[in-house]
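Model the full structure from these sequences, guided by the hints.
Chains as they are written, first to last, in our numbering: chain A, 1 to 665; chain B, 1001 to 1219; chain C, 2001 to 2248.
Among the clues, some could well be false.
[What the hints assert, rightly or not] Per label pair, the in silico range of CB-to-CB distance:
(1) A:Asn416 <-> B:Val1199: 45 to 51 Å
(2) A:Glu22 <-> C:Lys2247: 46 to 52 Å
(3) C:Ala2149 <-> A:Asp574: 51 to 57 Å
Hints were generated in silico from the structure; no laboratory data involved.
Even for Gly, the Cβ is constructed at its ideal location relative to N, Cα and C.
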Amino acid sequence: MALDSKIPQGPLADKWTRHKNEINLVNPANKRLIDVIVVGTGLAGGSAAATLAELGYNVKAFCFQDSPRRAHSIAAQGGINAAKNYQGDGDSTYRLFYDTVKGGDYRSREANVYRLAEVSANIIDQCVAQGVPFARDYGGLLDNRSFGGVLVSRTFYAKGQTGQQLLLGAYSAMNRQIGRGKIKMYNRHEMLDVVVVDGKARGIITRNLVTGEIERHSAHAVVLGTGGYGNVFFLSTNAMGSNVTAAWKAHKRGAYFANPCYTQIHPTCIPVSGDHQSKLTLMSESLRNDGRIWVPKHKKDVEAIRNKTLKPTDIKEEDRDYYLERRYPAFGNLVPRDVASRAAKERCDAGYGVNATGEAVYLDFASAIERYGKEQAHVKGLNENDAALVKKLGQEVVKTKYGNLFQMYEKIVDENPYETPMMIYPAVHYTMGGIWVDYNLQTTVPGLYAIGEANFSDHGANRLGASALMQGLADGYFVLPYTIGDYLANDIRTGPIPTDTKEFEEAENKVRSEIEHFINNNGTKPVDYFHKKLGKIMWNKCGMARNEKDLKAAIEEISQLREEFWKDVRVPGDADEFNEELAKAGRVADFLELGELFAKDALIREESAGGHFREEYQTDEGEAMRRKEFQFVSAWEYKGEPKDAVLHKEDLQYENIEVKERSYK
Amino acid sequence: MSGILNSSIGRKFAMALSALFLMVFLLQHFAINILSVFSENAFNEASHFMGTFWAVQFILQPILILGIIFHFTMGIILEIQNRKARKVSYAKNNGSANSSWMSRNMIWTGLIIEGFLVVHMANIWWHEMMVKYIDPQPVDATRYYEELVEHFQSPVIVGIYVVAFVFLALHLMHGFNSAFQSIGANNKYTKALKGISKVYSIGIPAGFVFIALYHHFAH
Amino acid sequence: MNLTLKIWRQKNANAKGKMVDYQISNVSPDMSFLEMLDVLNTELIEKGEEPVSFDHDCREGICGSCSLYINGEAHGPDRLVTTCQLHMRKFKDGDTIYIEPWRAKAFPVIKDLIVDRSAFDRVQHAGGFISVNTSGNTQDANAIPIEKANADKAFDAATCIGCGACVASCKNSSAMLFVSAKVSQFALLPQGQVEATDRVMNMVNQMDAEGFGNCTNTGACEVECPKGISLENIARMNREYLKASFKG
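Below, the structure is given as structure tokens:
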């Protein structure tokens, strides 16, 4: 099947308006006759469910957590971008569009990104109207901060809990519809398959995680807002439950999977402390507004720090290497995430890592504390040369800005970041790749839609900070609810979709047989054993830097591990009860397939772009080398084993932006 | 407005209002009693006024009795409901880590005070009722002081008195602020209120105890 | 570190549960409490026993899933943390640790340490929202300036993660801190005024219907709350409720 991205004709700035004017609508009376399933209740799924219900559709929403409010969007810290230009610093829709395409290393679709930038301002209006308490200044107006890879302040925030506040906003919109009976909410339900009838997505199979019951749910369309697959690395900043299962099952039912190798490794996370570690904790990118990243200039200092005979605060200014400021003077510590992460890896690989494992760099607030302290002393008419006073005042300012993050760091690491620099290291955070969708956010299966992190559409090969929240809400509030009408307009006479058909039967049986296999397998090793092993392969061979030899080895190793998993995994307990190991087994089974496709995608992409860095393709200065012949989206079609997946290419055209070398120097 | 007593917040509000009323009464009661330490005459006058003025006798007194009964009954009802809200209790619960002993034992301090009130009413109030209404005696505007002094001669009564007021102090140490929180007062004055609460909840019971001991030992 | 764990085991909602003892060794002080339980579970699975079920997800203190009553306190002895942020360095070698589920009639046990907190969701369905359509046709976000102090207070109330520690810690199993946080967030913002009366009435009525106890102002909830939600919110809700009641 040829890929048709369905990008509307006309000038870039008019495409979305024109498209909205031209697509089919469903009249209010008919919307009552149409059911829509939404899987996932994060920013994308939650906002879509609420809006669809408000428009009049009958919505069934599903989440595996015990409440929609716990979806992992809640953990997003730093902020949400919007081209409001409240700061009057030259921001515009075009500039947000430009920054996003450039930040994505020219691997995203122009029309989608422009639409995203266009609706971004509306998101802020919407959220404020529903009571999201964004940060404000003393005049009572909304405040902004600045994020990596851009030259304006367009990020709206609510301390370090922006994701939480936005999700609670979407959740409250859902609550209103649940209260009205327009959304039927299924908590603690995991989607285990999509049901395709006559080529159209018509329902899903779920497992009730409390009772173990396998259920059939039908609808006229199915929307997946199920997030990313960063947990294929085992250790990531994702929640423990975040998984690829819904997306992967959709892939197996015909949805193409796009750019699986585009993974964002976030530069500022708390380093791994030991083998027991179950997840990694992010320290918001907003910290790079005020924190300076460095390692010692001299190996002897590195040694001394590792032996704990030297404290970082004792190293003199001239003996520190502020490597981001050195390499990228224009953007300094606020280079995009992919660039910052690779730079940290480069220093650590060269032997300058500052903790016992050699995988950590410093994020230092001492200069910010001094700067703010002096400012405060000046404002208050106190002595600007009193170092102790300046430090105290400065620390207070930093506390109001980042207090919760500093507290979180101290709880985990047991060191006081006000006194000694934080130690950070990159960690898997976000996946730009995902289910392929057209301009309408429809996958290659008619009636099956993917929104938010679950799709691939807007971030290209690298996502800018504070853009994930923007995309999730844009898709859910302002894009999908309209584009889906174009499809559903043909279903007004269809009537309820029956679940007693052979398609549902087949899908349910498939789900049941997989579960039975796990329960009866009598293997010897717990699910986590395999998940951790997979994670190690992914991190070492498909991580921040990749090469042909490693990728080929990874494909081989993952395929072997998968075989071993099916033979030797042990799942205790029964199928008809709450059984977390069983749920995990199903998720890891899918990660083991996705991981291989991931490596395969990285292997064929013989260039470096954004989060995908191939060691063979770098400039003399060690920067990513993009190649014109790879200016396409790789969309994979499922054909059985991951190794048999077939590649389809969607060429990317840039008509409104000049493709040039992405430089932050 | 109707049915406010059917809601948890409404019940707490009523509980707080009755508590505030009782605290005002207690203060008034104390003000009169302390007169006995300074002036026999003043005490007698005040007591006689309270005991004979119609508005006190036929309006305030019934309200007070209803207030006490309401506070007591509602306290027990709430306690029963609250116990029902947790069917299985914890194997290990470290209540002292997050709350004061007083706040966790209001029902017990309350019941002990209630027990004292029964004794107190039987001893003093019932006597008053007898003298005034049931078996009327000639009006004697100076009998109050003598009766008070005589009352506190018994070490048993003074003992009960002291114990009861210790529990009253404990009850008030939580109850005073709690009443204000329940009616929605938690603001910049709360800190100051906490200071007043301490003075009131320790000072008033201590004062009552002082009066009892004073008369016990002074005569 | 070597530890003795006393853990509540209960097969399902209808089964009778009991405390069961487990020994665990080689616990690193850098582990989080849940990572310690992960280690225990791996050992149990390898021995062919059923692992201990507990709710958890984000493991960074924000999703509100984790919910353990540890040594008699919600989220354990540390302050302003959830169980997933509690580290083993807070315990000593040889300690005995009690691990129990939240206990409240309104939070029935599902399995082992997992409880059903959907009562919280139902309270929110009753009024935890501002009735504005998500069409995006609202006025500009800066059209109504909001006093910073109120915006900050609304934010502080809104940081509630809905974990249920307040209910678990309260000797009366009262949900006042949770409900008041939501009521306060909207009560402090101009957008929330229009529906203020109905909101507080409906949410409090639903809270009562769920079988939570009455607030007696012990303050345990505020101390144990991992997000430090203030008792001021409860007072504010009391005011809002009384105001609404008299309005009729």
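message: Hint by hint, where does the structure go against what was stated? Just the numbers, ascending.
response: 1
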